[in-house]
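Chains as they are written, first to last, in our numbering: chain A, 1 to 320; chain B, 1 to 320.
None of these hints come from the bench; they were simulated from the model.
This one's a predicted model, so the numbers in the text were calculated from it and none came from an experiment.
Cβ atoms here follow ideal geometry from the backbone N, Cα and C, with glycine treated the same way.
Treat the hints loosely; a few may be bogus.
[As the list claims (entries may be wrong)] Below, simulated BS3-like cross-link-like pairs (lysine-lysine); rule was C-alpha separation at most 27 Å, straight line:
# : chain 1 : residue 1 : chain 2 : residue 2
1 : A       : Lys-158   : B       : Lys-158
2 : B       : Lys-264   : A       : Lys-132
3 : A       : Lys-132   : B       : Lys-158
4 : A       : Lys-132   : A       : Lys-264
5 : A       : Lys-264   : B       : Lys-264
[As the list claims (entries may be wrong)] One-sided excerpt, in silico: chain B residues whose CB lies under 7 Å from chain A:
#  : residue
6  : Trp-28
7  : Leu-29
8  : Ala-55
9  : Trp-57
10 : Met-118
11 : Leu-141
12 : Ala-145
13 : Phe-151
14 : Leu-166
15 : Gly-174
16 : Thr-187
2 protein chains.
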Amino acid sequence: MKSPPSDSCANFAGFAGKAASEGEFQAWLAESRTWSEAQLERWGLPACGSDGAEAPWPQPLFEAAHYTLFGGGKRLRPILVRLFAEAAGGSAEGASRAAAALELVHTYSLVHDDLPCMDDDDLRRGRPTCHKVYGEALAVLVGDALLTRAFEVLAGAKGASAAGALQVLARAAGGAGMVGGQVLDMTVEASGASPEDVRDLQRKKTGALLGAACELGALTGGASPVACAGARDFGEALGLAFQVVDDALDITGDAVTLGKTPGKDQALGRATSVTVMGLEGARGEATRRAAAAREAALGLGFLESSLVLRLVEHLGSRSR
Amino acid sequence: MKSPPSDSCANFAGFAGKAASEGEFQAWLAESRTWSEAQLERWGLPACGSDGAEAPWPQPLFEAAHYTLFGGGKRLRPILVRLFAEAAGGSAEGASRAAAALELVHTYSLVHDDLPCMDDDDLRRGRPTCHKVYGEALAVLVGDALLTRAFEVLAGAKGASAAGALQVLARAAGGAGMVGGQVLDMTVEASGASPEDVRDLQRKKTGALLGAACELGALTGGASPVACAGARDFGEALGLAFQVVDDALDITGDAVTLGKTPGKDQALGRATSVTVMGLEGARGEATRRAAAAREAALGLGFLESSLVLRLVEHLGSRSR
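Here chain A stands alone, though its shape is the one from the complex (with noise of 0.2 Å):
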């Protein structure tokens, strides 16, 4: 983890110290969760209605599109997308579309990673995949439209700040992070890897977007350059810490609680923190990156008992 950046505190300080109790933050949590759901409801699809400006999509496409978006998920990518742009000052509005493009790019690699010859996934948020429901031709489409959608929902913002923005977006979700990422997740062997292999594919896989997700909030809400870097290194943290968690979930979870099919990375001999570290060792290593986390956030200025420090806390004890 990088020093804090000096001027941080002067970016973020105004926000620390909120929602101090337990209760106050799982109504935080429902409350963003809701404000996400609402913005991917705005912008997630073009709307088509009687005062809809926008050229309608083929009601297959749409439908599957609409199934796939809203079929639950934590929302942690808006969520943190909103959490920022307040911290660094700026409104929930103004990051209305970067909250729903960075679910959007979520969203679309999902689809893509579930299908046959990818992670070939049957359930995913307690539903059939998309491929499941609507066939492997309109599952790839799907993906396609919804990261396209992405782009052309940020590219709407106004302001001269949308086409930078956009390629922190693209940088992040391309071959050099998400999906980089994945293509080493199918082509490192479990066998061969070691514990820096694991945490490189692993910061591109999911420190990358998580990363962007800060950085982007950051960036909407008017911080400067300097913290937008110090939101990205305490976003990409916040992805290692969730993704040891994944791996360890992958082996002691159940379809129920997981909403997704177990034990898949080892079936599919995939490298994980637990592979490389064993389970115990992959909790240990859950830990450290936690406590990462903690100080990368401390380094933003966040107090403690701020929302970023209770939302690691919450990352790192959860179960699905």
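Chain A is already provided as a structure; the job is to place chain B on it using the hints.
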């Protein structure tokens, strides 16, 4: 076709009359293709050399993407971007990123279309398709990476128009455009389709991206909004003329000349110009659509001897 925009001549007239002879046209086509390849070399994949500041892609992804991106092709879309940028008074240099972005989007769409769950094609541009060489999973991810790269490249353009250009590309490529056209191609039944159904799917599948190529060229060249819309209309008309010839070649062409497998539309039961109006009917439709594209070109203020009209003829009489 809409009536010509009133201020189009002022935007494009300086370009008219260029390349009067067939020899000059062929030389221009060859030079434009070479320029297009150079822009793809420059922007298509991350530059990770000693002075390259970009984060690298994992080696298997880079290799498969490189194989796919540099496998020949007419490079029609970047050629149109440059043509319209120069016609509007702009420079080839100013059109460079948009040219690469259009070809990236086109190439990703071919990779996904060729997948076993889609058209299941073994041959593209005379070579084995991406998934035949690198496997299905990597082919899905190559497509995802190329699409994302297109937006990254275009977002890197400086200036207030970058966000507008991004929106034009996303709309043309997404669910209401090219991806939507693919969905219709898969779901419209050949037996029950009308000529209008086929025309609608072709306008989305092929017309939208060619329209975006012309529009983005005009936009980067500094054309007025009305002239940009005229450029898009011409590109869509060219796309419709192109697609009907493609449909006929699927019946009459051979694999060596086409560089792809003939008879695919028929084997897949697709609704094409040939299935709804027969081969002779499709040839008549090709003549009518080429005439419509010429009319749209004349509406832009190009003279009859211009490159654009020669391009319409060239594409209408092609054998691959």
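Structure-based check of all given hints:
no.: 1; hint: A:Lys-158 / B:Lys-158; result: holds, 15 Å
no.: 2; hint: B:Lys-264 / A:Lys-132; result: holds, 26 Å
no.: 3; hint: A:Lys-132 / B:Lys-158; result: violated, 43 Å
no.: 4; hint: A:Lys-132 / A:Lys-264; result: holds, 17 Å
no.: 5; hint: A:Lys-264 / B:Lys-264; result: violated, 36 Å
no.: 6; hint: Trp-28; result: violated, 32 Å
no.: 7; hint: Leu-29; result: violated, 30 Å
no.: 8; hint: Ala-55; result: holds, 4 Å
no.: 9; hint: Trp-57; result: holds, 4 Å
no.: 10; hint: Met-118; result: holds, 5 Å
no.: 11; hint: Leu-141; result: holds, 5 Å
no.: 12; hint: Ala-145; result: holds, 4 Å
no.: 13; hint: Phe-151; result: holds, 5 Å
no.: 14; hint: Leu-166; result: holds, 4 Å
no.: 15; hint: Gly-174; result: holds, 4 Å
no.: 16; hint: Thr-187; result: holds, 5 Å
In summary, the numbered hints that this structure violates are 3, 5, 6, 7.
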